[in-house]
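Q: In case you want the letters, here they are:
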Amino acid sequence: MSMESAYIWIATLMLALIVFALRNAFLFVPASLRPRGLLERALRYAPLAALTALVAPEVFRSWLVAPSFTPALLLDPRMVSAMVLLAVVRLTGSALYGLLAGSLAFLVLGR
Amino acid sequence: MADPRQRGAAAARRARFIEAAWLSVPGMIGTFVWGIITGVAMIQSGMSVAQAIGMTLIVFSGTAQLAALPLMVSGASLVLIAFTTLLTSLRFMVYSASLSRDLSRLSPGLRSLAGYLTTDSGLAVYQTMSGPERRAQRTALFMGLNLPVWAAWQVGSLLGIAVMAYVEPGRDLAFLGTLAVLALVAQAMKVRLAWPVVIAATVVALIGAGWPYRAGMLLAVVAGVVTPLVLEARARARQSSP
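Protein chains in written order, with the numbering used here: chain A, 1 to 111; chain B, 1 to 242.
Don't read these hints as lab results, they were simulated from the structure.
For glycine and all other residues, C-beta sits at the position ideal for the given N, C-alpha and C.
Please note that a few of the clues may not be correct.
What the hints assert, rightly or not - A few chain A residues that don't get close to chain B, going by computed Cβ distances all over 10 angstroms:
{"no.": "1", "residue": "L38"}
{"no.": "2", "residue": "P47"}
{"no.": "3", "residue": "A66"}
{"no.": "4", "residue": "G102"}
{"no.": "5", "residue": "V108"}
Claimed, not checked - Rough simulated footprint, nothing fancy, chain B against chain A, three-plus residues with beta-carbon under 8 angstroms:
{"no.": "6", "segment": "4-18"}
{"no.": "7", "segment": "25-32"}
{"no.": "8", "segment": "52-61"}
{"no.": "9", "segment": "78-92"}
Using the sequences plus the hints, can you model the full thing?
A: See below:
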């Protein structure tokens, strides 16, 4: 894996600018201008939708490339560690414990 | 000699800062772990040490960085990366609206520093601590809650970057970054109508996983936003009809 250096730096600067602008948005623009109504409700769901859309194909990656379903797919390290993570978050209510358990599962099972 | 009243105010600010720094400890621990994983994921994605340190310093957002990395690895367009960053970081805009009253009197420089330092865990504690106090103390409280989290993030990221020098090559640890994002999804699922968002976005993302221009991902975001809005509208329609 290698990425063009200029591409990385430009993407990084862009990320920094966007995040900085959002963090400062209503510290500089009057808060009375914040989105309302349908837009406000749509924006409320957007982050979860975007994060899910990013993560789902990564978690199911071996399922997506498999020619047919086999029981072995259920034991795929990515799938198992994701399930461990979700189960631990569900049980403990802590995203941190979930991440630690899921990462441990992946480090043990993955190659 | 300084006016004793001024000295009293400075001492009160310092006390508030230190009190806040203690309260930020649980947030620091989580942020530290996310930092380590982000550091690992950055190097694993093919970034140089300088690039990884640069990114973690100027972006300072685990969500934005972890979301952008797989897109960057696949050589996604800058427009798509910008759009994804915008969507996944919208919460910061909401935070800034909630802070605008408290921080509006600061000089533009200090205000933007406070904006840059805004963290999820810092703000969560800040919002539980409302009380009648001077703005200056409020600012000290805000800084005390966020500055230690910033430090924990930077140290964690550097540790993650350093650890990668000792990991056997050929070991693919990039999925740890995905797990860190999944943990954020799991945490965000405590809100209302989260299930329809996640199910709709997952189904569309999986169906469209191989589509060009990441169209599957973009449509998955649309599905994840529209589905709960439709459900809301239907619930309202049911309520208003007798």
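Q: Now tell me if each hint is right for this structure.
A: Going through the hints against the structure:
A cut-off of 10 angstroms between C-beta atoms contradicts the statement that L38 (chain A) is not in contact with chain B; the least separation is 7 angstroms. The non-interface label for P47 (chain A) is inconsistent with chain B: the shortest C-beta to C-beta separation is roughly 5 angstroms, within 10 angstroms. A cut-off of 10 angstroms between C-beta atoms confirms that A66 (chain A) is not in contact with chain B; the least separation is 13 angstroms. Non-interface status of G102 (chain A) relative to chain B is broken: a Cβ of that chain comes within 10 angstroms, the nearest being about 5 angstroms off.
The beta carbon of V108 (chain A) is kept farther than 10 angstroms from every beta carbon of chain B, the shortest such distance being approximately 13 angstroms. Counting residues of the segment 4-18 of chain A whose beta carbon lies closer than 8 angstroms to any beta carbon of chain B gives 12, which reaches the threshold of three, so the coverage claim holds. Coverage of the segment 25-32 of chain A by chain B holds [criterion: at least 3 residues with CB-CB distance below 8 angstroms; count 6]. Here the segment 52-61 of chain A counts 9 residues with a CB under 8 angstroms from a CB of chain B, which clears the bar of 3, and the coverage holds.
For the segment 78-92 of chain A, the stated coverage by chain B is satisfied: 7 residues place a CB nearer than 8 angstroms to a CB of that chain, which reaches the threshold of 3.
Hints 1, 2, 4, counting from the list given before, are not met by this structure.
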